[in-house]
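Enquirer: Build out the structure end to end from the sequences listed, making use of the hints.
These protein sequence lines are chains B and V, in that order.
In terms of the working numbering, the first sequence opens at residue 5 and continues consecutively.
In terms of the working numbering, the second sequence opens at residue 106 and continues consecutively.
If you are wondering where the hints come from, they were derived from the structure by calculation, not from laboratory data.
Just so you know, not all the hints are guaranteed correct.
[Unchecked claim] Here are the simulated distance ranges between beta carbons:
| hint | chain 1 | residue 1 | chain 2 | residue 2 | range |
| --- | --- | --- | --- | --- | --- |
| 1 | V | F493 | B | I52 | 49 to 55 Å |
| 2 | V | G272 | B | R131 | 30 to 36 Å |
| 3 | B | R131 | V | Y204 | 26 to 32 Å |
| 4 | V | I360 | B | P82 | 28 to 34 Å |
| 5 | B | A69 | V | T338 | 41 to 47 Å |
| 6 | B | Q123 | V | G272 | 34 to 40 Å |
| 7 | V | A325 | B | P136 | 29 to 35 Å |
| 8 | V | V218 | B | P47 | 33 to 39 Å |
| 9 | B | Q123 | V | A439 | 55 to 61 Å |
| 10 | V | V218 | B | P71 | 23 to 29 Å |
| 11 | B | P47 | V | K290 | 54 to 60 Å |
| 12 | B | P136 | V | D471 | 58 to 64 Å |
| 13 | B | I52 | V | N322 | 21 to 27 Å |
Beta carbons are placed, not taken as given, at the ideal position from N, Cα and C, and that holds for glycine.
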Amino acid sequence: MRVDPQKPRERRAAPRAIGLLALLSLWLSAFASAQSAEIIVNPAQQNISLNRNLLRAIFTMQLRAWPNGPPIRVFVLPDNHPLSDRFYRENLGIYSYMLRAAWDRMVFTGTGLAPTVVQTEEEMRERVRSTPGAIGYIGTTGDAYSPRFPEPRAILTGMRQ
Amino acid sequence: MMRQQAFSLSTVLATLVACAPALAVEYQVHGYAAQGFVYSDDNNFFGESSDGSFNYYEAGLNASVQVRPNLLFSAQAAIRDAGISDDGTLRLDYALADYRLLENLDSSVGLRVGKVKNATGFYNETRDVIFTRPSILLPSVYADNQNQRSLVFTGPGAQVYGRKMLGRHELSATGTASIERNVRKSDERLLVRLAGGIPFDLRIKDSWNAQIMDSLNGGAWQLAVSHFFGTFTLSTPETIGLAGEFDVSISTVSIRYNAEKLTLTTEYALNPNRNVVTLNGARLLETHIVADGAYLQGEYRINPRWRAMARYDASFIDRRDRNGREFAAANPTADRKSRMSRDFMLGLSWNDGEHWGVWGEAHWIDGTRILQALENPGPSHADRWSLFMLMAGYRL
Numbered sequence: 005m006r007v008d009p010q011k012p013r014e015r016r017a018a019p020r021a022i023g024l025l026a027l028l029s030l031w032l033s034a035f036a037s038a039q040s041a042e043i044i045v046n047p048a049q050q051n052i053s054l055n056r057n058l059l060r061a062i063f064t065m066q067l068r069a070w071p072n073g074p075p076i077r078v079f080v081l082p083d084n085h086p087l088s089d090r091f092y093r094e095n096l097g098i099y100s101y102m103l104r105a106a107w108d109r110m111v112f113t114g115t116g117l118a119p120t121v122v123q124t125e126e127e128m129r130e131r132v133r134s135t136p137g138a139i140g141y142i143g144t145t146g147d148a149y150s151p152r153f154p155e156p157r158a159i160l161t162g163m164r165q
Numbered sequence: 106m107m108r109q110q111a112f113s114l115s116t117v118l119a120t121l122v123a124c125a126p127a128l129a130v131e132y133q134v135h136g137y138a139a140q141g142f143v144y145s146d147d148n149n150f151f152g153e154s155s156d157g158s159f160n161y162y163e164a165g166l167n168a169s170v171q172v173r174p175n176l177l178f179s180a181q182a183a184i185r186d187a188g189i190s191d192d193g194t195l196r197l198d199y200a201l202a203d204y205r206l207l208e209n210l211d212s213s214v215g216l217r218v219g220k221v222k223n224a225t226g227f228y229n230e231t232r233d234v235i236f237t238r239p240s241i242l243l244p245s246v247y248a249d250n251q252n253q254r255s256l257v258f259t260g261p262g263a264q265v266y267g268r269k270m271l272g273r274h275e276l277s278a279t280g281t282a283s284i285e286r287n288v289r290k291s292d293e294r295l296l297v298r299l300a301g302g303i304p305f306d307l308r309i310k311d312s313w314n315a316q317i318m319d320s321l322n323g324g325a326w327q328l329a330v331s332h333f334f335g336t337f338t339l340s341t342p343e344t345i346g347l348a349g350e351f352d353v354s355i356s357t358v359s360i361r362y363n364a365e366k367l368t369l370t371t372e373y374a375l376n377p378n379r380n381v382v383t384l385n386g387a388r389l390l391e392t393h394i395v396a397d398g399a400y401l402q403g404e405y406r407i408n409p410r411w412r413a414m415a416r417y418d419a420s421f422i423d424r425r426d427r428n429g430r431e432f433a434a435a436n437p438t439a440d441r442k443s444r445m446s447r448d449f450m451l452g453l454s455w456n457d458g459e460h461w462g463v464w465g466e467a468h469w470i471d472g473t474r475i476l477q478a479l480e481n482p483g484p485s486h487a488d489r490w491s492l493f494m495l496m497a498g499y500r501l
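Expert: See the structure below:
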């Protein structure tokens, strides 16, 4: 589900009586809540095709290496970040609390590593770009970013069940 | 002994970090610490709780080093105090090497060697980490205040594990074999009491554990069957000649449903015990008794920070005499309610989504099975009692 960038602008035009600042924050929050998540990977992994089962195995930290060998490095935003919740639901079909339970089970039994938590989307882009084998997610903002997974629309369509 | 193990393991980890190529090595350090408060209107639980007790806390620190994608080393040191049932001494909770023999997109198989956790039910492996439990007090099938904790909890040995995707099903299995080990002195006093202060030693012979789990639709439904078998052996000095063998098995069926706001969990555990005591080789006593217990639990996530829960939990020492009437008929001075516990609880918890969590819960209990005798001396206890627990924790 991709957001039409025109829609928030239409919403902005309606409540003329509200002050500009309030209007802007309303526009921003409307935009943020409607934001979809998009998977990003380190450029070295661009040619791997992702499906829902593979993404689940990666984000539940069960798969430790990419099919072509290098270790997988998973980056996530904090559990209560709206984008995390959206990404886990829409792209993995899992709720945030279930992933946290799966990670905790690994961390506190010594059977796996937890994903690395980053605080902002900017940091996510930077860490995924600079870390070999990295995968993460960002909000769909419409701007083109080179390490983004090719043809995201096709991938998202393919993952719906 | 334990400190030496921890030291040698940290040396190994440090060496591995130093030797391995920097690019491939990934390490993490995590920990938790939580302090509890327990108040009971009658009877003592996890300390002198009838006066309000802070004698309940847990903390742990762990490190994991992934040397290569298929090789992981990890260890956790932990302390826990829970009244008479745990004494706050430092222990090595786990220390293992995990080697992934096979891994592809829809399946994996691996081997763990060292001190590993037993997979029994949904919660046993991480039972002392409040952030992974549904409530401060685990349901009675986990025997949090009981005697078999030390047996089931963790042990030195080997574990095989595997995972296989089959359509919408993710099947996973673990099998664990643990070698003979000693029982800590603080646990021995809970398990065996010999008249006249006769000295004894209690050990656990090799134990076995297996779990099979089916996780449907990414975990919306989770179904598991677990089995554990182990034997305690009791020995006394030759001049006394008293010996014992106590077989314990635990079979658990676990079902969980995970929805957006609601999680429903139910588990049933069947727990046969066979106790044989001999004197100079001659059979003195043999008992066979099958305990069981079950619970139904609902958790409701009000929002990402707040969660409410309710649980009904029942456990019985003898499943053929759940109300204890036969036992009371045979032992006129005994209280039949000591053979069971029925516990209805309501809880509320809060977390900050990152480091902090606070839990509160109230239990209304009928029966005294879950009490520790050493904490509640004397023959008579209040059958109907209630328990109020608070806990605050930090994780990193």
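Enquirer: Each hint needs a verdict: does it hold in this structure or not?
Expert: Each hint tested on the structure:
no.: 1; hint: V:F493 <-> B:I52: 49 to 55 Å; in the structure: holds, 53 Å
no.: 2; hint: V:G272 <-> B:R131: 30 to 36 Å; in the structure: holds, 34 Å
no.: 3; hint: B:R131 <-> V:Y204: 26 to 32 Å; in the structure: holds, 28 Å
no.: 4; hint: V:I360 <-> B:P82: 28 to 34 Å; in the structure: holds, 31 Å
no.: 5; hint: B:A69 <-> V:T338: 41 to 47 Å; in the structure: holds, 44 Å
no.: 6; hint: B:Q123 <-> V:G272: 34 to 40 Å; in the structure: holds, 37 Å
no.: 7; hint: V:A325 <-> B:P136: 29 to 35 Å; in the structure: holds, 34 Å
no.: 8; hint: V:V218 <-> B:P47: 33 to 39 Å; in the structure: holds, 37 Å
no.: 9; hint: B:Q123 <-> V:A439: 55 to 61 Å; in the structure: holds, 60 Å
no.: 10; hint: V:V218 <-> B:P71: 23 to 29 Å; in the structure: holds, 27 Å
no.: 11; hint: B:P47 <-> V:K290: 54 to 60 Å; in the structure: holds, 58 Å
no.: 12; hint: B:P136 <-> V:D471: 58 to 64 Å; in the structure: holds, 59 Å
no.: 13; hint: B:I52 <-> V:N322: 21 to 27 Å; in the structure: holds, 24 Å
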